[in-house]
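In order, the protein sequence lines correspond to chains A and B.
Read in order, the letters of the first sequence are residues 1 to 139 in the working numbering.
Read in order, the letters of the second sequence are residues 140 to 197 in the working numbering.
Treat the hints with care, as some may be off.
Covered stretches of chain A, as calculated for chain B (at least 3 residues, CB under 8 Å) [said to hold, decoys possible]:
| # | stretch |
| --- | --- |
| 1 | 52-61 |
| 2 | 67-78 |
Under the rule of at most 25 Å between Cα atoms (straight-line distance), these lysine-lysine pairs were calculated in the DSS-like manner [claimed, not checked]:
| # | chain 1 | residue 1 | chain 2 | residue 2 |
| --- | --- | --- | --- | --- |
| 3 | A | Lys132 | B | Lys152 |
| 4 | A | Lys135 | A | Lys9 |
| 5 | A | Lys135 | B | Lys152 |
| 6 | A | Lys9 | B | Lys152 |
| 7 | A | Lys102 | A | Lys9 |
Derived coverage of chain A by chain B (criterion: at least 3 residues anywhere in the stretch with Cβ under 8 Å from a Cβ of chain B; other residues may be distant) [unchecked claim]:
| # | stretch |
| --- | --- |
| 8 | 30-38 |
| 9 | 107-115 |
| 10 | 126-134 |
No lab work stands behind these hints, which were simulated from the structure alone.
Remember, predicted model here, so these are calculated numbers, not experimental data.
Glycine included, C-beta positions come from ideal geometry on N, C-alpha and C.
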Amino acid sequence: MEFKPVDWKRGIICGVIAGAVWGCLAITINTASRAFIFEETLLHRLITFTVGGAIFGMVVSGVLSMTHYWMSFRNIFLEAICISVSLWGILEAGGILLHFIKPGRFHLDIAQIVQGIFLAFIMGVLLGFLWKIGKRANC
Amino acid sequence: MEKVVVGGQSLRKVLLPSLIVFGVAFALVVIVYGLDSIAPGVHDVFHDFRHVIGIPCH
């Protein structure tokens, strides 16, 4: 049995970078898909999506740091995608629950949900890519 | 079975980053559900973000 230290620093840094890039990508993807018509200014969007993305990225990367040594996947990309989509799914489940509690307040939009799954997938790919680069740099 | 412990970490080194991640996870929940009762104004500030990532909103 082998215990390995959790590399928190790498996890947090990779998460913030991947999340900030992901936030900007989310703006671009939504502009192309038109799943949601933006209501705020570009500057406001850039700030909120970068901050929101960085926070989401940190959480995904933090969970990846904790689970990396016992997850059965051999591929960091698959691990990151699995965690990212799972975390998004948990948050979405909470949102769907709120929809059933207050249907007049929380509206479900299938196009936005499909876009959300796709974005979670993209977050996994970005994070996997950064983790791979980080691992090579450590070698 | 052989037991090998590689590079033991001090409590501070483990506790601080894990607290940061859990704190950030809490912030994520506040942002995603727009919990104004916890952080006033967070609902409106992250309204577009919430819709784009597919979380139900008004």
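Comparing the hints with the structure gives:
Look at the stretch 52-61 of chain A against chain B: 5 of its residues bring a Cβ nearer than 8 Å to a Cβ of that chain, three or more, so the hint holds. Under a criterion of three residues with beta carbons nearer than 8 Å to beta carbons of chain B, the stated coverage of the stretch 67-78 of chain A fails, only 0 such residues being counted. Simply put, Lys132 (chain A) and Lys152 (chain B) have alpha-carbon atoms about 23 Å apart, close enough for the 25 Å limit, and the pair holds. About 13 Å separates the Cα atoms of Lys135 (chain A) and Lys9 (chain A), which keeps this hinted pair within 25 Å; it holds.
Taken as a hint, the Lys135 (chain A) and Lys152 (chain B) pair is honoured in the structure, with Cα atoms around 20 Å apart against an allowance of 25 Å. A C-alpha spacing of about 10 Å is found between Lys9 (chain A) and Lys152 (chain B), which places the hinted pair at or below 25 Å, so the restraint holds. Taking the CA atoms of Lys102 (chain A) and Lys9 (chain A), the gap is about 40 Å. The hint is violated against a cut of 25 Å. A stretch counts as covered by a chain when three or more of its residues have a beta carbon under 8 Å from one of that chain; for the stretch 30-38 of chain A and chain B the count is 4, and the coverage holds.
Check result for the stretch 107-115 of chain A against chain B: holds, 7 residues qualifying (beta carbon to beta carbon below 8 Å, three or more required). Coverage of a stretch by a chain is defined here by at least three residues with a beta carbon nearer than 8 Å to that chain's beta carbons; for the stretch 126-134 of chain A and chain B the count is 0, and the condition is violated.
Consistency with the previously given hints fails for numbers 2, 7, 10, ordered from lowest to highest.
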